[in-house]
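K.L.:
Sequence:
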Amino acid sequence: MPQIPRIISVDDHVVEPPDLWTSRIPARYQDRCPRVERDTAIFNFEGGVFSYEKGVEGGTPCDWWLYDDLVYPFPKLSAAVGFDELDITPVTFDEIHPAGWIQKERLAAMDENHVDVSICFPNVLPRFCGQTFYEREDKELAMLCVQAYNDWMIDEWCAGDGRGRLVPLTLIPLWDPVAAAVEVHRCAEKGSFAVAFSENPFPLGLPSIHDKDRFW
1 MPQIPRIISV DDHVVEPPDL WTSRIPARYQ DRCPRVERDT AIFNFEGGVF SYEKGVEGGT
61 PCDWWLYDDL VYPFPKLSAA VGFDELDITP VTFDEIHPAG WIQKERLAAM DENHVDVSIC
121 FPNVLPRFCG QTFYEREDKE LAMLCVQAYN DWMIDEWCAG DGRGRLVPLT LIPLWDPVAA
181 AVEVHRCAEK GSFAVAFSEN PFPLGLPSIH DKDRFW
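1 is the number of the first residue of the sequence shown in our numbering; add one for each residue after it.
In case anyone wonders, no lab produced these hints; they're calculated from the structure. Be aware that one or more of the hints could be misleading.
[What the hints assert, rightly or not] Label-pair restraints from in silico Cβ distances:
id, residue 1, residue 2, range
1, Ala179, Phe50, 28 to 36 angstroms
2, Asn44, Phe93, 17 to 25 angstroms
3, Gly205, His97, 32 to 40 angstroms
4, Ile88, Pro201, 42 to 50 angstroms
This one's a predicted model, so the numbers in the text were calculated from it and none came from an experiment. Just so it is clear, CB atoms sit at the ideal spot from N, CA and C, and this is done for glycine as well.
Kindly generate the complete structure, drawing on both the sequences and the hints.
P.N.:
Have a look at this one:
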């Protein structure tokens with residue numbers, strides 16, 4: 001009986017560890033860089049619009065991402081594996097499946113699901129190609145955040161036992177094409193094989209492929 005080939009999964013996601021940025025960003029930015037704070041939350045989803053409140057008495061425990069002016073909760077849908085029901089409710093890192101953000105657990109889950117190789121996009125905080133950093137006003141801090149994510153992706157998530165099975169997918173500073181090219185080369189030298197990029201840059205205010213100045 002022929003053996004079924006193992007899967008190469010090209011659209012997975014990884015949950016950013018709570019200390020990804022605080023463990024890598026310079027001390028002067030520790031109170032502004034992406035970090036996790038546990039508080040209560042109340043979610044509401046009506047008419048296709050998601051809204052939320054933080055620090056509400058009687059709310060559900062929730063891990064919140066804080067980054068400069070951004071305050072964003074951790075919804076179950078962003079780490080849905082292992083839950084019996086998929087809904088928009090608050091969760092904490094204590095509740096989600098550890099394979100969402102711990103390499104050893106992810107590799108074990110891949111083995112259980114006949115997956116040989118996985119390419120992981122960002123998840124809650126950066127969004128799938130780093131739009132969050134593009135939208136922040138302080139681009140010096142945003143650049144540090146992009147580099148910190150890429151270093152973690154290459155040096156930790158895809159290193160060691162994950163080498164060859166977890167393929168590095170890195171981010172670029174979307175707001176600066178020259179800096180983006182530099183970061184692509186930096187990451188390639190460290191072992192990155194791919195870059196996450198928007199499928200439609202125009203809604204972000206960036207030139208589309210049809211723009212005569214699409215390369216800035």
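K.L.:
Please go over all the hints and tell whether each is borne out by the structure.
P.N.:
Now for the hints, and whether the structure bears them out:
1. Ala179 x Phe50: 28 to 36 angstroms: holds, 32 angstroms
2. Asn44 x Phe93: 17 to 25 angstroms: holds, 23 angstroms
3. Gly205 x His97: 32 to 40 angstroms: Because 36 angstroms falls inside the window, the suggested range holds.
4. Ile88 x Pro201: 42 to 50 angstroms: About 28 angstroms separates the Cβ atoms of Ile88 and Pro201, which means 42 to 50 angstroms is violated.
In the structure shown, a violation is registered for the earlier hint numbered 4 alone.
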